[in-house]
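As a plain string of letters, each chain reads:
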Amino acid sequence: MEIVGYIFDNLGLIGERTLEHVAIVVVAVGLAILTGVPIGIAITQNQRAADIVLYVAAIIITVPSIALFGVMIPVLSVIGQGIGYLPAVIAVLLYSQLPIIRNTYTAISNVDPALREAAKGIGMTAAQRLRQVEIPLAVPVIMAGVRTAVVMNIGVAAIAAYIGAGGLGTFISRGISQTDPRQLITGALAVSVLAVAADFALLWLQRRLTPRGVSIPR
Amino acid sequence: MIRLDELTKIFDTPSGQVVASDRVDMEVPEGEICVLLGPSGCGKTTTMKMVNRLIEPTSGKIFIGDTDVTKQNPIELRRTIGYVIQQIGLFPNKTIEDNICAVPDLLGWDRKKSRARAAELLEMVALDPGTFLKRYPKELSGGQQQRVGVIRALAADPPVMLMDEPFGAIDPINREVIQDEFLRMQGDFKKTIMFVSHDIDEAVKMANRIAIFDAGKLIQYDAPDDLLAHPKNSFIADFVGGDRTLKRLRLITVGDAMMSDPPTVRAEDTLADAAAKMEEHGHISIVMVGPKGRARGIVYLSDARGAKGRVGENHKKLPASINAREDLRTAVSMMFTHDETSLAVVDDDGFYKGYVTQRGITHLLGATYRDA
Numbered sequence: 380m381e382i383v384g385y386i387f388d389n390l391g392l393i394g395e396r397t398l399e400h401v402a403i404v405v406v407a408v409g410l411a412i413l414t415g416v417p418i419g420i421a422i423t424q425n426q427r428a429a430d431i432v433l434y435v436a437a438i439i440i441t442v443p444s445i446a447l448f449g450v451m452i453p454v455l456s457v458i459g460q461g462i463g464y465l466p467a468v469i470a471v472l473l474y475s476q477l478p479i480i481r482n483t484y485t486a487i488s489n490v491d492p493a494l495r496e497a498a499k500g501i502g503m504t505a506a507q508r509l510r511q512v513e514i515p516l517a518v519p520v521i522m523a524g525v526r527t528a529v530v531m532n533i534g535v536a537a538i539a540a541y542i543g544a545g546g547l548g549t550f551i552s553r554g555i556s557q558t559d560p561r562q563l564i565t566g567a568l569a570v571s572v573l574a575v576a577a578d579f580a581l582l583w584l585q586r587r588l589t590p591r592g593v594s595i596p597r
Numbered sequence: 048m049i050r051l052d053e054l055t056k057i058f059d060t061p062s063g064q065v066v067a068s069d070r071v072d073m074e075v076p077e078g079e080i081c082v083l084l085g086p087s088g089c090g091k092t093t094t095m096k097m098v099n100r101l102i103e104p105t106s107g108k109i110f111i112g113d114t115d116v117t118k119q120n121p122i123e124l125r126r127t128i129g130y131v132i133q134q135i136g137l138f139p140n141k142t143i144e145d146n147i148c149a150v151p152d153l154l155g156w157d158r159k160k161s162r163a164r165a166a167e168l169l170e171m172v173a174l175d176p177g178t179f180l181k182r183y184p185k186e187l188s189g190g191q192q193q194r195v196g197v198i199r200a201l202a203a204d205p206p207v208m209l210m211d212e213p214f215g216a217i218d219p220i221n222r223e224v225i226q227d228e229f230l231r232m233q234g235d236f237k238k239t240i241m242f243v244s245h246d247i248d249e250a251v252k253m254a255n256r257i258a259i260f261d262a263g264k265l266i267q268y269d270a271p272d273d274l275l276a277h278p279k280n281s282f283i284a285d286f287v288g289g290d291r292t293l294k295r296l297r298l299i300t301v302g303d304a305m306m307s308d309p310p311t312v313r314a315e316d317t318l319a320d321a322a323a324k325m326e327e328h329g330h331i332s333i334v335m336v337g338p339k340g341r342a343r344g345i346v347y348l349s350d351a352r353g354a355k356g357r358v359g360e361n362h363k364k365l366p367a368s369i370n371a372r373e374d375l376r377t378a379v380s381m382m383f384t385h386d387e388t389s390l391a392v393v394d395d396d397g398f399y400k401g402y403v404t405q406r407g408i409t410h411l412l413g414a415t416y417r418d419a
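As given, the protein sequences belong to chains F and P, one line each in that order. Mapping of the first sequence onto the working numbering: residues 380 to 597, in sequence order. Mapping of the second sequence onto the working numbering: residues 48 to 419, in sequence order.
Keep in mind the hints are simulated off the structure, nothing from the lab. These numbers come from a predicted model, not from an experiment. Be aware that one or more of the hints could be misleading.
Incomplete in silico selection of chain P near chain F, CB under 7 Å [what the hints assert, rightly or not]: (1) I122; (2) R125; (3) R126; (4) Y130; (5) Q134; (6) G136; (7) F138; (8) N140; (9) A149; (10) V150; (11) K185; (12) L187; (13) P310.
Keeping only pairs whose Cα atoms sit at most 25 Å apart, straight-line, the calculated SDA-like set for lysine to any residue is [claimed, not checked]: (14) P:K185 x F:Y434; (15) P:K141 x F:T485; (16) P:K279 x P:R50; (17) P:K141 x P:R164; (18) P:K185 x F:S488.
Glycine included, each C-beta is placed from N, C-alpha and C at the ideal position.
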């Protein structure tokens, strides 16, 4: 009951922290889409490049976030941004690459070769094939990658509280340092709710973006 | 007109060079269907795909009309060539309407014009535009999808079409229907068509000329009847099959094979007159016609000779008659079914036009050997 009381007393603060949290994830994943989707498409042209890129992205994702933040502190200190919002965004951006690149790559390379041949055979340029055929068909799978990235990185962004990036992680870090279960649980709960809500919102978006002709059952 | 001049394609594979097309020389005349036929791996598909440059030739030239397409921009070239593939390849994210208009849209046609054309083409393949224009490919059956695949290729009215086993994945009953539909449209459109198939029966049905390939080489290029009657070597003879002369039956209509102006009798004639007429012509039966000339019955010589009475009371039911537009394969099949050696031929309205006999058919099929 204490926790419920705490939550109700601090709704304004929770809202503020949630916005901070969302600002990190949305900006970083947004940028990751702008980089990851083109990379994912580009590497469909070259098997070797694809292997290398996917391997590197997989390695990045295995680096623990705390370690990544630690590495970035001296590097970004050069421009006075060693801690705070910028390294948090960069970390989320890096972690988002693998799901987004891999899903884009898989989706584009799995487009039915017959469709590619038909598109080519009727005189579409490579750009027209991508825009009119391959990307629309790849949307559901690319969006699934975006969802994975968002849900995973809502967790990563919580840890970014330790480098002063704000967000819901602040409740957790303070809850630990002040041995205050109310803050700890509030933070943990809020992060979970945000992750689930974001996943549902993106699922809705994924369905909206999927061309009707692709989603109808056969 | 499509003309291939010493067209060659050599693929470099890990196990060495493979000659897929070996100095192919051929010409498809304006408005004709040329079927490229052969076992898999014979080079027919490679040869066809060089025409729209999905495969770049190693050497040789390809002309469409007077233009050497190997010097043309491939994207622009493909927009002037209708292309139909076995897997159909309709874009699932686009409506039927947008699929049909894919090439007109690429060419920047006026939307109103292209959409009107889409509706018109759908009607030609017996799909109701009101029902189908706004549907998606997944909502159509395989046969319906391939009809749309064919009219998509026709949408921008290209003079030339390439068809890669277009009806190969369709069930046999639907295939016949779509082939007939396509031949009817071709009768109006007169496209110059290169059509890849591995099915000799399809080739005989669709082709003005058949080109048979083996191991990258064009072995024989002839009209279907010549090919079936005079295979150039044992490979071709084996490929077209031991029943190749039977296949020729499909190429000739009953109307072309029948004896016209046949002797007839009427109901009021006497059996003696009928017998005299049959003996005069050396026939063993004679058809009785109605007042306007419709085939009504038959009188056999064995029944009429020496018998009294009139034809009207003594004729038998006509065992079978055949429309003049049917092919000889159907005629022969009908003769076997009814244990008859001749059939009465009628037109669409049932008027008696002539007769075909087994003897006449064998004589006709044999003509090509006697002249040679």
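Structure-based check of each hint:
| no. | hint | in the structure |
| --- | --- | --- |
| 1 | I122 | holds, 5 Å |
| 2 | R125 | holds, 4 Å |
| 3 | R126 | holds, 4 Å |
| 4 | Y130 | holds, 4 Å |
| 5 | Q134 | holds, 3 Å |
| 6 | G136 | holds, 3 Å |
| 7 | F138 | holds, 5 Å |
| 8 | N140 | holds, 4 Å |
| 9 | A149 | holds, 6 Å |
| 10 | V150 | holds, 5 Å |
| 11 | K185 | holds, 5 Å |
| 12 | L187 | violated, 10 Å |
| 13 | P310 | violated, 58 Å |
| 14 | P:K185 x F:Y434 | violated, 36 Å |
| 15 | P:K141 x F:T485 | holds, 22 Å |
| 16 | P:K279 x P:R50 | holds, 22 Å |
| 17 | P:K141 x P:R164 | holds, 17 Å |
| 18 | P:K185 x F:S488 | holds, 21 Å |
When each numbered hint is compared with the structure, violations occur for hints 12, 13, 14.
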